[in-house]
Amino acid sequence: MMTTGAGGDRADARADDRAGGRAQERDHRSAIRGAKAFWIACICAATLASGVAACGLGSFPSTPAETLRALLQAVGFGVGQPVDPALSVVVVDIRLARVVLAWLTGASLAVAGCVFQGVLRNPLADAFTLGVSGGAAFGASVAILSGLAGHAAFNGLGGGAGLLPLCALAGALLALGAVLALGRAGAGMGGMGGAMRRETLVLAGIVVSTFLSALISLLKSLDEESVASIVFWIMGSFQGRGFEHVRLAWSYMAVGLGLVLWRARELDLLALGEGQARLLGLDAGRSRLWLLIGASLLSGAAVAVSGVIGFVGLVVPHLLRLVVGAGHRTLLPASALLGGLLLLWSDVLARSILPGGAELPVGVVTALIGGPFFCLLLGRSGRMNGRGQS
Amino acid sequence: MIRVTNLRVRYGRPKSGREVLHGIDLRIARGEFVGLLGPNGSGKTTLIKALAGLLPAASGRIEIAGTDIRCLSHRERALRLSCVMQRAEVPAGYSVRELVLMGRYAHTGALSGLFSDHGPEDHAAAEAALKDARALDLAERQAAELSGGEVQRVLLARALAQGRELLLLDEAVSALDMARRVEAYDLLATLNTGGSTVLSALHDLNLAALYCPRLVFLKAGAVALDGPTTEIFTETNLRDIYETDIRVAAHPVTGAPQAHLVPGAAAAALG
Numbered sequence: 001m002m003t004t005g006a007g008g009d010r011a012d013a014r015a016d017d018r019a020g021g022r023a024q025e026r027d028h029r030s031a032i033r034g035a036k037a038f039w040i041a042c043i044c045a046a047t048l049a050s051g052v053a054a055c056g057l058g059s060f061p062s063t064p065a066e067t068l069r070a071l072l073q074a075v076g077f078g079v080g081q082p083v084d085p086a087l088s089v090v091v092v093d094i095r096l097a098r099v100v101l102a103w104l105t106g107a108s109l110a111v112a113g114c115v116f117q118g119v120l121r122n123p124l125a126d127a128f129t130l131g132v133s134g135g136a137a138f139g140a141s142v143a144i145l146s147g148l149a150g151h152a153a154f155n156g157l158g159g160g161a162g163l164l165p166l167c168a169l170a171g172a173l174l175a176l177g178a179v180l181a182l183g184r185a186g187a188g189m190g191g192m193g194g195a196m197r198r199e200t201l202v203l204a205g206i207v208v209s210t211f212l213s214a215l216i217s218l219l220k221s222l223d224e225e226s227v228a229s230i231v232f233w234i235m236g237s238f239q240g241r242g243f244e245h246v247r248l249a250w251s252y253m254a255v256g257l258g259l260v261l262w263r264a265r266e267l268d269l270l271a272l273g274e275g276q277a278r279l280l281g282l283d284a285g286r287s288r289l290w291l292l293i294g295a296s297l298l299s300g301a302a303v304a305v306s307g308v309i310g311f312v313g314l315v316v317p318h319l320l321r322l323v324v325g326a327g328h329r330t331l332l333p334a335s336a337l338l339g340g341l342l343l344l345w346s347d348v349l350a351r352s353i354l355p356g357g358a359e360l361p362v363g364v365v366t367a368l369i370g371g372p373f374f375c376l377l378l379g380r381s382g383r384m385n386g387r388g389q390s
Numbered sequence: 391m392i393r394v395t396n397l398r399v400r401y402g403r404p405k406s407g408r409e410v411l412h413g414i415d416l417r418i419a420r421g422e423f424v425g426l427l428g429p430n431g432s433g434k435t436t437l438i439k440a441l442a443g444l445l446p447a448a449s450g451r452i453e454i455a456g457t458d459i460r461c462l463s464h465r466e467r468a469l470r471l472s473c474v475m476q477r478a479e480v481p482a483g484y485s486v487r488e489l490v491l492m493g494r495y496a497h498t499g500a501l502s503g504l505f506s507d508h509g510p511e512d513h514a515a516a517e518a519a520l521k522d523a524r525a526l527d528l529a530e531r532q533a534a535e536l537s538g539g540e541v542q543r544v545l546l547a548r549a550l551a552q553g554r555e556l557l558l559l560d561e562a563v564s565a566l567d568m569a570r571r572v573e574a575y576d577l578l579a580t581l582n583t584g585g586s587t588v589l590s591a592l593h594d595l596n597l598a599a600l601y602c603p604r605l606v607f608l609k610a611g612a613v614a615l616d617g618p619t620t621e622i623f624t625e626t627n628l629r630d631i632y633e634t635d636i637r638v639a640a641h642p643v644t645g646a647p648q649a650h651l652v653p654g655a656a657a658a659a660l661g
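Chains as they are written, first to last, in my numbering: chain W, 1 to 390; chain R, 391 to 661.
So that you can see chain R by itself, here it is in the shape it has in the complex (with noise of 0.2 Å):
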């Protein structure tokens, strides 16, 4: 689904700009449900904003289908994947409904001036996707007013009415309370299992571990690990990328592995 070979990017001049990603190699099937992890400034969000077309890639290639993006046009790409990001704004003036309706923008035609209304199947896509987002009940309210979380919920709602085939989140839940955390990965889970390929970005190891069956870890720019959760969900990994004490144990419920932080390890340094 996802091929990405020797990807360098870089933020500023295409020559001379800083170097963020040095040389990316990563193969995401159809189907998959992938945590991207990795310390601050290690390159989680740029690599998932290359991906969705929105930095340009210094060097090596991205490949979305058997396509190279650069070949698509946005419109394309947007029907290809869809994307929540994170601290997203919202305009003011606009209803819920209206917002999770521009997710549809790709599927209307050339044509979609000033007359042509969204069509019955846009419309039943918002409804579906404000239901699998739990964002149903704000259908009707003003973007402006809502919570950090509600805005999370509705852009989650947005990125499923463009298109469920593939999924990229950055950070997508950070701003969510447990719970809805929770809820949210769950809807994730879901959607998985119907089909789509999820890539999520994101800070919380435990939740990672919890839903994805597969962890990539990106540090300083490069992939430091990747593969089975539990494989490579190790003590000594997670100290390497993390530097600092890192216990593991296994999840109550499901047995998956856990991180637990150890206070005054990172004062104490490490070793």
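Okay, chain W solo, but in the shape it has when bound (with noise of 0.2 Å):
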């Protein structure tokens, strides 16, 4: 008996034991899931937060209270006394409106980088690096010049103007072939196999963008437009846009991005190499595919209603990385976030930063931040590169 006793005891022992470990494995693994949570939970604090102040900056004058009655009357929970209809207009109409396109274009661009950086396995790809942004500027150009997308002058949408984010994502798609094209050539006669070398696709994307930079210019001086326009054009603003363009250009993105999340899970076996991808049961070509026109799909959106802006999809999901991990099923929500709340910011400095009323395009603002980090990552990679082949 005393035996039989002792034994159970051990078994008793052994099953609290594994079971110890499990609930162990357990809390370290709802503890992780929490921390995520907690940080996804202060980017979206500091969204909202964000955009009720980012409503209440600028040149036109209002106070914190008067802001957030306007805003709260314009969704219909109007508090006190009517506000003045000027400063409903401001805040409203105006500033809102450039909130919330800068919001989504920053989260569309952050997207856009994590995914292009997953397919393409290289840290220094992104909408702006790849020529994406260029092809898909250059798309709408040749819509709005053309007359396809309504008529002339970007400022004022004319009635076609639902093509416009459509012919976007034709340059944005033609844009990448070409610099993927590009690459492999290159690769080919460097010797490297076949293999795309991380600079080369980078130096592919640099020459594509110069040259579809330089059309834009050329296509607008014929259309006699004046060469501010041009420059606000190629470096990307949210000056005189309004809900039109939100209402343009959010369906794109939202279908671009459900492209891509969907596949989120997809993205991580990818980065593991295409052969380990297969042998894990991924049909690694078709989900590059389905990614990569996710991903221009969102570019193309985003430039078709703000110009170019760089470095948004180069800095967030780098960033991010240090804290939230590889994983994209959290890195890609965390980009949205985080790249909107930058864009968001970076607006406001843009067009708060100069004395007078007067604006910069919302692209220098965002280069100034990721130049020099962006010339961080390249020595890094550099490193890392050497490191490999010692």
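The set of hints was computed from the structure by calculation and includes no laboratory data.
Since we're looking at a predicted model, the values are computed, not measured.
Just so you know, even glycine gets a beta-carbon here, dropped at the ideal spot from N, CA and C.
Wrong hints could be hidden among the right ones.
Unchecked claim - To be clear about the criterion: a stretch of chain W counts as covered by chain R if any three or more of its residues have a C-beta under 8 Å from a C-beta of chain R, and this derived list gives those stretches:
(1) 270-281
(2) 325-331
As the list claims (entries may be wrong) - 16 Å max Cα-Cα, derived EDC-like pairs, lysine to aspartate or glutamate:
(3) R:K609 - R:E409
(4) R:K609 - R:D576
(5) W:K36 - R:E488
(6) R:K521 - R:D576
(7) R:K439 - W:D223
(8) R:K439 - R:E409
Given two chains presented individually in distinct reference frames, assemble the corresponding complex, making use of the accompanying hints.
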């Protein structure tokens, strides 16, 4: 009896141990999930607060209380006496529209960058460095100037404007195709056995986007637009954008985002390399194609309404990988949130930093933030390559 | 389990590329443990890659469990066989557990996007695989920080999480030290006893002779020898295949044949 009792105790102890181990592991997993949820909640809260704050900042003075009241009134919760109609126009129709558009654009660009980096397994990839944004801008310019997408001036949208993001998408895909072909050809010449080197791809991207921005300048000069407006187009800006631009772009962005989020787990497998991804059961070719289309759709829609804005898709995913890890099921939504936040504040800076109500293109602000960051990244990836070869 | 008929594989272009496998015929029954041996460049890796569906056959056919692999989707194929390749890359930013859970990709539904987390059976399979591959202590580590040997254990764990029916290994333990190699092959032998079919390509003749009841030798892209280890692991056969002097003696414990190299034999040439 004694022995069976002891044996039973031991078995119980072992079972307890195992259960304890499993519970510990569950705790660990939920702790990780909790930490991620905490960061995402922080970004969400910051986004909301920033949105309200950004609606109150600008050359037309408004107190925080007035801003809040104007916003609440706009969504149908009027508090106290009605706000000054002029203030309401400034806060809601001008600033809120810009805030929303900047947020959507930033989110799209950050997610697109994240996808480009994952699919091409290249830390320097981004809609901007790959020339995808340049292609989208070119497609949109052609559409506007040829009258395909409504009539002439970009700031006033015409009837066929709905086509604009589609033309931008076509341009984006063409540019991407050209860059990938160039990158492959360059790799072939270098005897890399068809493997694309990181720098080759970015070089090809720079060639294509420089060429395309020259073409855009040419097109616009032919249409007798002022040089200033061309610069704004190439550097990207939210000046004069309103809710009609939000309405134009949001559905394309939503489709692109859905397409990409749907395949978030496939991005993780692609990070292993094509061979391993296929061994694990992924149709790597098809997955890559759809992901690239989704990312191009996101960048195309963003560029169609805001021009070329660089570095958002580069800075945001890299920063977030340090915080939430590389798993794309967390990284993609987090990139959307932080990308939106970054561009929202970049736009606030762009419209309030110059004295006398003048505006900087928001692309200038993101480039000022992103340029040094890009250099840092280039240095680090160079060191990593060096270690790999030794 | 595996039936290969007159398999030819080319690298490069389908018609004009360099032919690496010149008509391989091979049958492996369910529950076998087969060692695939041969000198460098004999086509071991190519054969494993063709079986795993990474390289298309120029002609001939490959059947896995009675189905031509050309008729299987990537997902269906991944459900039937799992594979550990040599020198597989491990991306930065993932924990070992996340990496092993990727082995469950083929088991999750087509709607495996953002919102469907891995189910309890996926976590259980990953846990069991980590345990069997002696990698449970690595589970929460970052995959990029692991040593070469640890990476191989994690990749083995991922293959086990994916499935245990048919395992293909290509130099899966070459990066491990002796003790870990024996441990890995003990594990493979246990899995084999439990019903797994194992085909392992390796360089280590003696490890193969210790564990695999059947050996297949490739030479210059063709099957040179195929049969029970005790019958074909002889001095004459090994000398013919490796073109150097090799002596065979019985293992002091198990009695399995073991090959021993003779210093200077390659320089003195054969015969």
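Requested in this report: Could you work out which earlier hints the structure fails to respect and list their numbers in ascending sequence?
Outcome: Violated: hints 4, 7.
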